[in-house]
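The task is simple: from the sequences and hints, build the whole structure.
Quick note, the sequences are listed as chains F and V, same order.
With my numbering, the residue at position 180 of the first sequence is 180, and numbering never jumps.
Counting from 1 along the second sequence, just add 241 to a position and that's the residue number in my numbering.
Worth flagging that the hints you see were computed from the coordinates, not collected in a lab.
For each residue, glycine too, the CB sits at the ideal point set by N, CA and C.
One or more of the hints may lead you astray.
[Stated by the list, open to error] Simulated DEER-style distance windows between Cβ atoms: (1) V:Glu280 to F:Gly23: 29 to 39 Å; (2) V:Met441 to F:Asn237: 15 to 25 Å; (3) F:Arg38 to V:Ser417: 56 to 66 Å; (4) V:Asn478 to F:Gly23: 22 to 32 Å; (5) V:Lys353 to F:Asp180: 25 to 35 Å.
2 protein chains.
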Amino acid sequence: MVLVSPRNPLNIGAAARAMANFGFSRLSVVAPFEPNWREARSAIGAPDLLVNAVESATLAEAVSGCTLVVGTGTVTRRKPEQPIFPLPCLAPRVGRELAGGGRVAVVFGSEKHGLTREDLSYCHLLVEIPTDPQQPSMNLGQAVAVCLYELIRSSVATPKIPPATSATLATSSATSGRLDLLAGVIEETMQAAGYSPRVMQAANRHDLRLLLRRLMLTSHDTRRILGLFRRILWRLNRPVR
Amino acid sequence: MVLVSPRNPLNIGAAARAMANFGFSRLSVVAPFEPNWREARSAIGAPDLLVNAVESATLAEAVSGCTLVVGTGTVTRRKPEQPIFPLPCLAPRVGRELAGGGRVAVVFGSEKHGLTREDLSYCHLLVEIPTDPQQPSMNLGQAVAVCLYELIRSSVATPKIPPATSATLATSSATSGRLDLLAGVIEETMQAAGYSPRVMQAANRHDLRLLLRRLMLTSHDTRRILGLFRRILWRLNRPVR
Numbered sequence: 001m002v003l004v005s006p007r008n009p010l011n012i013g014a015a016a017r018a019m020a021n022f023g024f025s026r027l028s029v030v031a032p033f034e035p036n037w038r039e040a041r042s043a044i045g046a047p048d049l050l051v052n053a054v055e056s057a058t059l060a061e062a063v064s065g066c067t068l069v070v071g072t073g074t075v076t077r078r079k080p081e082q083p084i085f086p087l088p089c090l091a092p093r094v095g096r097e098l099a100g101g102g103r104v105a106v107v108f109g110s111e112k113h114g115l116t117r118e119d120l121s122y123c124h125l126l127v128e129i130p131t132d133p134q135q136p137s138m139n140l141g142q143a144v145a146v147c148l149y150e151l152i153r154s155s156v157a158t159p160k161i162p163p164a165t166s167a168t169l170a171t172s173s174a175t176s177g178r179l180d181l182l183a184g185v186i187e188e189t190m191q192a193a194g195y196s197p198r199v200m201q202a203a204n205r206h207d208l209r210l211l212l213r214r215l216m217l218t219s220h221d222t223r224r225i226l227g228l229f230r231r232i233l234w235r236l237n238r239p240v241r
Numbered sequence: 242m243v244l245v246s247p248r249n250p251l252n253i254g255a256a257a258r259a260m261a262n263f264g265f266s267r268l269s270v271v272a273p274f275e276p277n278w279r280e281a282r283s284a285i286g287a288p289d290l291l292v293n294a295v296e297s298a299t300l301a302e303a304v305s306g307c308t309l310v311v312g313t314g315t316v317t318r319r320k321p322e323q324p325i326f327p328l329p330c331l332a333p334r335v336g337r338e339l340a341g342g343g344r345v346a347v348v349f350g351s352e353k354h355g356l357t358r359e360d361l362s363y364c365h366l367l368v369e370i371p372t373d374p375q376q377p378s379m380n381l382g383q384a385v386a387v388c389l390y391e392l393i394r395s396s397v398a399t400p401k402i403p404p405a406t407s408a409t410l411a412t413s414s415a416t417s418g419r420l421d422l423l424a425g426v427i428e429e430t431m432q433a434a435g436y437s438p439r440v441m442q443a444a445n446r447h448d449l450r451l452l453l454r455r456l457m458l459t460s461h462d463t464r465r466i467l468g469l470f471r472r473i474l475w476r477l478n479r480p481v482r
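Listed below in structure tokens is the structure:
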């Protein structure tokens, strides 16, 4: 689980407690407000997972090893470009990813602003908690509890997912970090080929990041595409006579 | 929903907020600790349902009009005499009761002791939140959120089709013919960049065709990728000096 820029130490504590309640143990925190983060971490009775939480400067870094990144929050304000899963439909998708040997991150934004447009561009899909339109915004600790409950719910309500097979390696999903690497090389290639004007570069970078996630590339695909673009780039930069 | 002897004003507020989030409106409070109860009720931004909550001296009085009373909490300490429902199995039972014209109460005990043996004697059944045995006890506000989420969950559990964006064109799938056109241009680019030896070309063509279909590209994606590869190809064939 990843908390982006959490502010309130009570909320951080509540999120950690919900994780412990539902048997989750890996917490990452991105760019926390330091005094509050220290306070939450040193609180009496703070669970081990909070003390052992990993701190990152950026969301890209926090999720670089993950194959499926799930964003949370109300999406009424923006028009997201990813598929939106109602929370009750999330567990099968996450289960499939884990069964295939993938790693999943569920990302929560700050209490005040939720996830930014930039944060969302690292997400493969968004999950929506089915709250009342009159009062859609949930408290952070409660939103975490509800999402994690949903993820473990199916394991108590339905048969367990079969273990990963030997075919896993060939079809394993690409990690977020590999996709970022690929995006970087494609962007360099675009520039070397004079594909897009400079003013479009930020928008193209954003679109490319979303596109690469939507395609659900395997790590094998990513390796091949990376190889192709590196070769193209090399050729563009050293034209043969 | 019924809170029995709640102590912490923050928890009372959080419970009320979860009710508002999930569209519940009738709150009863039994024998609250008066100063804290007043504080919670007069807090800035307290939802209407908290201001309008009904206060009772006893649980018996609070649930007197209900046809199904559901008790919550960990039951490890006691040997309950009622049936215990895992939380994921609660909604159908509650739904049946409501469909038959009944009234249902879900009862939460105080943060410190949960429901007493006396309280439990007013419950038709008990519900158990499937928490980790290592950390079974949930925060009151979070327990309320999870239980109420479960009750509304089934009404939204059908998968939603990803939101239709304004332009259907942008999200329509690429035709097979367009994918073949794209594959042709990518293959030409591979050759121009010297990416793969000639003996691999048939195999690569086959893999590429499969890959482009697996990615479920939209016609918009296809157009953009085609544009990029055409630009690259043009540059590779006419290197700038």
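Supplied distance hint 25 to 35 Å, evaluated on CB atoms of Lys353 (chain V) and Asp180 (chain F): violated, 48 Å
Given a hint of 15 to 25 Å, does the C-beta separation of Met441 (chain V) and Asn237 (chain F) actually sit inside it? holds, 24 Å
Please check whether Glu280 (chain V) and Gly23 (chain F) have a Cβ separation lying inside 29 to 39 Å. Cβ of Glu280 (chain V) to Cβ of Gly23 (chain F): about 34 Å, so the range 29 to 39 Å holds.
Mind checking the hinted window 56 to 66 Å against the Cβ distance between Arg38 (chain F) and Ser417 (chain V)? holds, 58 Å
Asn478 (chain V) versus Gly23 (chain F) beta-carbon gap, inside 22 to 32 Å or not: Check failed, 58 Å falls outside 22 to 32 Å.
Of the numbered hints listed earlier, those contradicted by the structure are 4, 5.
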